[in-house]
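**Q** Residues per chain, in single letters:
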Amino acid sequence: MKVLTLNFLTCAVKACKSTSTSFPLHPKDCEMVSDTIEPNPKLLYNILPRVNWTALLTTVAELGFPELPPNPPTIEELQADEKMTQELHTLLLETQISEGCLVCGNCGHAYAIKEGIANFLLPNHLV
Amino acid sequence: MLPTPSTDHVNFERIYEPAEDSYLLLDTLSSESEKGFLHERFDATEDARGNSPSPLVLEIGTGSGVVISFLHANSEVIFGRADVLTAGLDINSYACEATEKTVDVAEKIQAQDGKSHGFYLGNTLGDLCSALRPGMVDVLIFNPPYVPTPSLPVLPNFEQRAGELSYEDESHLLALSYAGGADGMETTDRLLDALPEVLGDDRGCAYVLLCAQNKPEKVKERIRKWGSGWHVETVGTSGKKGGWEKLQIIRIWRSIPHNTNNEEP
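Residue numbers (the numbering used here), protein chains in the order written: chain A, 1 to 127; chain B, 128 to 392.
Simulated from the structure, these hints should not be mistaken for lab results. Note that this is a predicted model, so its numbers are computed, not measured. Quick reminder that beta carbons are idealized off the backbone N, C-alpha and C, glycines included. Treat the hints with care, as some may be off.
Said to hold, decoys possible - Just some of the chain B residues that point at chain A, by a computed CB distance under 10 Å: (1) PHE164; (2) ASP170; (3) ALA171; (4) ASN178; (5) SER179; (6) LEU185; (7) GLY207; (8) ARG208; (9) TYR247; (10) LEU248; (11) LEU252; (12) MET263; (13) LEU282.
Isolated chain A (complex conformation) (with noise of 0.2 Å):
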């Protein structure tokens, strides 16, 4: 699973959905692999004003990827800056996770990764 995906996920326990600690959920002992994709500004400019750059930091923090600025930067930004450029094509685009877990802010589940797919079933006393 692609790093950006976290973004679209929380933890699928009905009760923490509405506590702001179980998002983003927390990837914790991540093996991560790297694609090759070509540089492709166009996405990385659509992908931009949909992520949610606080969560975004607190994913990279913890995945131990160079720390990005404390906000989003503009297409202009980006068109000038060709590092900060290949370090958001690198984290948004390229990296996946492929074995680990993410773990809910709030409850405390692990949700497992395997092979690069998340597994969001929950165990019989969380459903």
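For this one, chain A is given, so just place chain B on it according to the hints.
**A** Just chain B, lined up with the frame of chain A:
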């Protein structure tokens, strides 16, 4: 006609094999009228510089992956843009793995031919919309377990079993793909209940397949009661065949807010 993605690698003993319902989705989503609707809704030249947020297209219950890989590979033709985020979800872990492979194969063929494709986020194992943040999905596709059955199969245990599957295990996985409980609607009802929250406020829309026994007119009536911004229409049918499994696809969508004033004075 756009090519149907290859699913040669898929084990149909434990994953739903593409059938009339899958092909109806492919035909409907690539029809001139739906392409027109989607192009307009996701117009990539929304602002002066030709920028608009990438739509997120999610299929729930991907099975072999034939539908999501079709949308992924042909995103430029169907949505009018290649910067489309695609993703899949299934309750069957084998289906998740198969879908990732199907997307990969379809993507490579596009690349070989020098053609574009979307950006695939991956498949997730889960139960309908339970792990989705609200308002994230722009296009949701659902080919449900729609066959009326006395009861629903038990959802798989969250622990993934290792090793060989018995014949019963495989039958159970297949039952999850078709058995719909009362009126064949028990799972679809849960999905419909979640739609207003899951779909994006401004651009969200969904394509859901129904069979005649699901009482489609009743389903549509119910959706129309969600409120004035909501619309539903039958946009594809397997009309010719008749019989008990006559299929249709309904499109459910919200009016784009800045148009609402014009439509409803």
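**Q** Each hint should be assessed against the structure and marked as holding or not.
**A** Outcome of the hint check:
no. : hint   : verdict
1   : PHE164 : 20 Å, violated
2   : ASP170 : 12 Å, violated
3   : ALA171 : 8 Å, holds
4   : ASN178 : 6 Å, holds
5   : SER179 : 7 Å, holds
6   : LEU185 : 9 Å, holds
7   : GLY207 : 13 Å, violated
8   : ARG208 : 8 Å, holds
9   : TYR247 : 8 Å, holds
10  : LEU248 : 5 Å, holds
11  : LEU252 : 5 Å, holds
12  : MET263 : 5 Å, holds
13  : LEU282 : 7 Å, holds
In summary, the structure is inconsistent with hints 1, 2 and 7 from the numbered list given earlier, while agreeing with the others.
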